[in-house]
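Going down the list, the protein sequences come from chains A and B. According to the working numbering, the first sequence is numbered sequentially starting from 8. According to the working numbering, the second sequence is numbered sequentially starting from 63.
Read the hints as simulated data drawn from the structure, not as lab findings. Every residue, glycine too, gets a C-beta built ideally from N, C-alpha and C. Just so you know, not all the hints are guaranteed correct.
To be verified - Covered by chain B, per the in silico footprint, the following chain A stretches (three or more residues, Cβ under 8 Å):
1) 71 to 81
2) 133 to 140
Unchecked claim - Chain A regions said to be covered by chain B (calculated; three or more residues, Cβ under 8 Å):
3) 261 to 267
4) 297 to 307
5) 372 to 378
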Amino acid sequence: MAMLTEPPAESFRLSMLINDTRYRSYTFQFIALMLLIVFMAYLGMNLVRNLAEQGQDISFRFLGEPAGYDINQTLIHYTNQSTHMRASIVGVLNTLLVAVLGCITATVLGVVAGVLRLSPNWLVRKLMAGYVEAFRNVPVLIWILIIFSIMTAAMPSPRAFRGAGSEASMLFDAVAFTNRGVYLPRPIWEAGSLVVGLTFVASVIGALAYRRYATKLLYDTGRLLPMGWPSLLILVVPTVAIFFILGRPIGLEYPELGGFNFNGGIQIRGSLIALWLALAVYTGAFIAENVRAGIQAVSGGQTEAAASLGLRPRRIMSLIVLPQALRIVIPPVISQYLNLTKNSSLAIAVGYMDVTGTLGGITLNQTGRAIETVLMLMLFYLIISLAISAVMNIYNNAMKLEER
Amino acid sequence: MKKSVFFAAMTAAGFAAGAAAAGTLDDVKARGTLNCGVTTGLVGFAAPDANGEWQGFDVAVCRAVAAAVLSDPTAVEFVPTTGKTRFTALASGEIDMLARNTTWTFTRDVDLKFEFTGINYYDGQGFMIPKALGVSSAKELDGATVCIQTGTTTELNLADFFRKNNMDYDPVPIETNAEAQQQYLAGACDVYTTDRSGLAATRASFETPSDHAILPETISKEPLGPLVRHGDNEWGDVVRWTLNALVAAEELGITSANIEELAKGTNRPEVNRMLGTEGTLGEMLGLDADWAKRAIMAGGNYGEIFAKNIGESTPIGLDRGLNAQWTDGGLLYAPPFR
Ligand SMILES: N[C@@H](CCC(=O)N[C@@H](CS)C(=O)NCC(=O)O)C(=O)O
Chain A
8 MAMLTEPPAE
18 SFRLSMLIND
28 TRYRSYTFQF
38 IALMLLIVFM
48 AYLGMNLVRN
58 LAEQGQDISF
68 RFLGEPAGYD
78 INQTLIHYTN
88 QSTHMRASIV
98 GVLNTLLVAV
108 LGCITATVLG
118 VVAGVLRLSP
128 NWLVRKLMAG
138 YVEAFRNVPV
148 LIWILIIFSI
158 MTAAMPSPRA
168 FRGAGSEASM
178 LFDAVAFTNR
188 GVYLPRPIWE
198 AGSLVVGLTF
208 VASVIGALAY
218 RRYATKLLYD
228 TGRLLPMGWP
238 SLLILVVPTV
248 AIFFILGRPI
258 GLEYPELGGF
268 NFNGGIQIRG
278 SLIALWLALA
288 VYTGAFIAEN
298 VRAGIQAVSG
308 GQTEAAASLG
318 LRPRRIMSLI
328 VLPQALRIVI
338 PPVISQYLNL
348 TKNSSLAIAV
358 GYMDVTGTLG
368 GITLNQTGRA
378 IETVLMLMLF
388 YLIISLAISA
398 VMNIYNNAMK
408 LEER
Chain B
63 MKKSVFFAAM
73 TAAGFAAGAA
83 AAGTLDDVKA
93 RGTLNCGVTT
103 GLVGFAAPDA
113 NGEWQGFDVA
123 VCRAVAAAVL
133 SDPTAVEFVP
143 TTGKTRFTAL
153 ASGEIDMLAR
163 NTTWTFTRDV
173 DLKFEFTGIN
183 YYDGQGFMIP
193 KALGVSSAKE
203 LDGATVCIQT
213 GTTTELNLAD
223 FFRKNNMDYD
233 PVPIETNAEA
243 QQQYLAGACD
253 VYTTDRSGLA
263 ATRASFETPS
273 DHAILPETIS
283 KEPLGPLVRH
293 GDNEWGDVVR
303 WTLNALVAAE
313 ELGITSANIE
323 ELAKGTNRPE
333 VNRMLGTEGT
343 LGEMLGLDAD
353 WAKRAIMAGG
363 NYGEIFAKNI
373 GESTPIGLDR
383 GLNAQWTDGG
393 LLYAPPFR
């Protein structure tokens with residue numbers, strides 16, 4: 008377009024690449040790009056040549072070979088005869104598990120702490136400020152180690168549960184807190200449990216439909232139906248009724264002490280708990296600040312206007328302030344999610360077998376394929392980060408102020 | 063013009079990088095210190111003492127090499143490495159040699175491109191367990207939680223052992239021996255497994271070592287020895303023959319007490335060849351005639367090093383067992399110095 012406004016007479020000369028401001032920036036950008044390409048090519052060539060000199064090459068064949076080591080937390084079937092590729096996938100799933108758990112918990116913590124930081128109550132306000140400052144200013148690795156040490160040093164070992172009058176006992180005979188993690192009862196799905204599940208899903212839909220209807224009624228006629236207890240009733244009553252009518256098809260398998268450890272039930276490993284909690288409280292502190300900033304960015308006039316309409320403070324927060332603050336809060340929170348996911352690679356500090364522990368740890372070490380595994384790790388974290396950003400951007404666009 | 067300078071600089075840098083790969087012996091001499099990779103801390107094998115001086119059985123190998131090459135057993139820069147970082151450290155040239163309870167295996171030798179220069183300790187993997195658990199055999203470990211150092215051969219042996227015996231276990235991967243000790247003592251795992259020598263050394267540092275038993279089963283062969291990068295044979299020879307000199311010295315009765323005397327010349331040709339009063343062995347290695355004398359004087363012969371650091375009179379209390387001279391029914395057998 009710029010070309011059109013030019014006087015047509017002037018023809019292009021080579022010196023214009025340097026002297027003409029219109030072209031100069033392109034010239035320099037081009038040179039910089041070329042230098043960058045040459046530099047990268049040099050690094051790449053250097054790598055290949057040095058590897059060749061040591062008699063090594065780049066090959067991904069090791070991925071198909073048996074891994075030979077065991078992993079203590081596997082979300083999919085895995086034995087030490089599975090391939091390195093499968094070990095990597097086990098690691099990826101473990102990373103995703105702790106990232107998802109961490110993000111959810113951090114969000115809940117962050118929103119609560121962020122809102123409460125602006126509470127009119129002095130004590131609550133200061134407590135939350137204390138939380139944010141304490142957790143934001145200590146490196147997350149330290150938090151991981153602290154929580155893990157507390158778990159291993161302060162909790163009883165399974166041995167302590169043995170025998171009558173033992174030092175430690177289970178909570179309600181169902182939950183055991185040990186220095187190897189927490190053991191919970193595991194649900195057992197018997198015939199008929201599907202019906203119970205379907206009833207519950209139907210109840211959820213029913214409850215949502217009721218809330219919709221109530222809102223519509225309120226907007227259309229101004230009649231206010233109670234929301235809370237009817238939804239709860241719709242949710243609970245049919246499911247519980249069906250559960251008993253069908254003769255309790257969902258049982259619980261309790262963890263039991265046998266041999267060295269508790270058997271049965273679900274074990275949430277100490278390493279997972281330490282990593283999850285540490286990442287959640289640490290990232291939660293940052294999210295709290297984002298939330299606080301978001302709320303404070305909503306003009307005070309909005310609150311005053313809402314108050315003058317007679318809305319109660321809690322309603323003002325949930326109906327007026329938070330929806331507007333959300334738009335401001337989402338973009339920085341995306342970065343926090345990315346940080347949390349990447350920080351989860353500190354897992355090895357407590358022996359949690361995430362992808363850095365399997366692919367980037369044991370596989371790397373046992374096969375000696377450092378460059379290949381590190382490349383794969385980089386690719387994995389890149390894909391995960393881009394995926395999180397993409398999903399959050401979609402959400403962000405959905406929440407954006409609609410301009411009419 | 064500018065470009066050609068740039069390219070010239072690049073090629074020069076490239077050649078320099080290539081050249082650095084060979085000639086470790088010259089590098090060490092020019093630098094004046096030996097970079098030796100050791101453990102992060104395993105009392106008896108390699109650990110700093112109260113004065114911050116590294117001491118131990120593996121450390122002694124580093125010191126002997128430094129004495130042979132640099133005439134100064136203290137001219138060693140000790141680089142602590144974990145099971146995971148040791149090979150990268152060696153391959154990248156950060157260290158000149160690795161002396162860190164490292165098992166000689168096919169893949170490490172052939173695929174990872176290292177060169178093991180001998181064996182300074184014949185070992186095997188064992189299990190340590192609190193006596194309170196009342197376990198007397200590794201076959202009773204079904205369902206146990208096992209602390210295991212990642213990046214080691216012991217990690218793979220463990221998986222094999224439990225698979226072979228159709229048992230289940232719960233591995234707790236751990237980075238260093240210190241961490242393993244902490245977790246084991248806190249009861250976060252029932253059993254700690256690693257090389258038997260490592261178990262003995264770890265147990266010796268407990269408050270009440272007698273509360274812990276090392277189970278009778280040895281589930282693998284772990285020949286431990288120093289290693290260097292593959293492809294630098296001159297340097298490999300220096301490390302190999304320094305270790306051989308320590309072993310041969312014991313066989314020949316050369317000790318730190320009598321070496322000054324013997325170095326004046328004896329009527330035993332092999333002693334003379336080794337200590338440099340006869341022949342030119344030192345020169346062939348690219349060192350001087352006194353190289354082996356200095357190596358032995360650094361910490362004594364193999365037997366002295368063993369006795370001082372991990373032998374029966376130390377808290378670790380290992381007997382010579384397989385690590386006795388071949389003349390005493392052990393496996394130590396240094397090739398002839400001729
Ligand atoms: N020999 C095995 C295991 C070597 C190993 O890691 N040993 C442990 C205990 S014996 C050790 O030296 N730890 C010291 C440290 O953590 O730095 C191997 O080469 O893979």
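So, going through the hints one by one against the coordinates:
1. 71 to 81: The restraint on the region 71 to 81 of chain A holds, since 5 of its residues have a Cβ under 8 Å from chain B and three suffice.
2. 133 to 140: Our answer is that it is violated, as 0 residues pass the Cβ test (under 8 Å) against chain B, missing three.
3. 261 to 267: As far as the region 261 to 267 of chain A goes, the hint holds, because 3 residues have Cβ atoms under 8 Å from chain B.
4. 297 to 307: violated (count 0)
5. 372 to 378: holds (count 5)
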